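Colleague: With the hints as your guide, set chain Y onto chain U.
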Amino acid sequence: MKRFLRFYKWELKNELFAGLYFAAMLSMYCIIILIHGQRSVDILIMLEMLLVCYGISTFQMIIFSDDKRHSKKTLCIKTGIWFVFSMIVVVIISIMFKWFEHMDSWAMWSFTIYMIICLMGIWIGVHITNKIDSKKLNHMLSDYQNKQSKISKEDDHDQ
Amino acid sequence: MKIRIEYIKEGEDEVVLRCKEINDEIVEIMSLLNMKKRKISGEKAGVIHLLEPSHIYYFESVDHVVFAYTEDDVYKTASTLSELETSLCDIGFFRCSKSMIINLKEIISLKSEIGNRIDATMRNSEHIVISRHYAKRFREVIQT
Numbered sequence: 015m016k017r018f019l020r021f022y023k024w025e026l027k028n029e030l031f032a033g034l035y036f037a038a039m040l041s042m043y044c045i046i047i048l049i050h051g052q053r054s055v056d057i058l059i060m061l062e063m064l065l066v067c068y069g070i071s072t073f074q075m076i077i078f079s080d081d082k083r084h085s086k087k088t089l090c091i092k093t094g095i096w097f098v099f100s101m102i103v104v105v106i107i108s109i110m111f112k113w114f115e116h117m118d119s120w121a122m123w124s125f126t127i128y129m130i131i132c133l134m135g136i137w138i139g140v141h142i143t144n145k146i147d148s149k150k151l152n153h154m155l156s157d158y159q160n161k162q163s164k165i166s167k168e169d170d171h172d173q
Numbered sequence: 088m089k090i091r092i093e094y095i096k097e098g099e100d101e102v103v104l105r106c107k108e109i110n111d112e113i114v115e116i117m118s119l120l121n122m123k124k125r126k127i128s129g130e131k132a133g134v135i136h137l138l139e140p141s142h143i144y145y146f147e148s149v150d151h152v153v154f155a156y157t158e159d160d161v162y163k164t165a166s167t168l169s170e171l172e173t174s175l176c177d178i179g180f181f182r183c184s185k186s187m188i189i190n191l192k193e194i195i196s197l198k199s200e201i202g203n204r205i206d207a208t209m210r211n212s213e214h215i216v217i218s219r220h221y222a223k224r225f226r227e228v229i230q231t
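So the protein lines, in turn, are chains U and Y. Those letters in the first sequence? Residues 15 to 173, per our numbering, in order. Those letters in the second sequence? Residues 88 to 231, per our numbering, in order.
Since the hints were derived computationally from the structure, they do not count as laboratory data. All clues given are correct.
So, partial list: chain Y residues that the calculated Cβ filter (under 8 Å) puts toward chain U:
#1 G179
#2 L191
#3 K192
#4 I194
#5 S196
#6 L197
#7 K198
#8 S199
#9 E200
#10 I201
#11 G202
#12 I205
#13 I229
#14 Q230
As the structure is a computational prediction, the values presented were derived from the model and not from experiment. Even glycine gets a Cβ: it sits at the ideal position worked out from N, Cα and C.
Here chain U stands alone, though its shape is the one from the complex (with noise of 0.2 Å):
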């Protein structure tokens, strides 16, 4: 149960990571078919970027997922290959399924420019995020260990 419990809890946040994504995804993908003029979506485009939406945040679960401590070299060389991997399939699978036939060749250009800036601010709001919890703890440790210091001096004067 303990087991399923932690799989169910690491897949949600997986789902959460893979909407995200698609999210800004779809969002981008909207704008090009308006600026062409039309008013739909294909739904399996939809259902296409969906499911490479979830390849990119399982990817991500998986090679960020361990709890070894890394150098900032391997964390740099990790989010490489995060990023890289991201956009070829992104790229690959639009080309592949045809996303931007019929458009002009601007829209693919700017819609890989459009992820490529996305995932670099997601890289860099968790980076931000990370070092406001890091000041975060580091008040909060302090804080602690000042009460316990109190605590075992009282207790050394009760002895």
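Modeller: Coordinates of chain Y only, in the frame set by chain U:
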């Protein structure tokens, strides 16, 4: 092993262990007794040392053997991680992963990492990772 209790009318209560040599059983009994006084018995190069918990940075279990790490030394203990966790949790020790217990008072800085992990830098510059499964509880503990 024979157990004998001698009743006394005066004087301090005392536990005396008589043995030909210090074996695993004796070490276990010592650990049990020392747990009550918050001392940890650790073995290094065949010699038993009584360690102050405040001098221990962290405990690590390797192949079902628990080692206590101080600033400069490593000692083998007879206690299990669960026993240590139970007896030392109220004096600043926290189970930070499946195989480690960390002394919160010896942490000098924390760093939040990807995947909800926390990297703790100890006083001797060692880095201990608080796994994501224990990170939530860790935050609750240092917030109290």
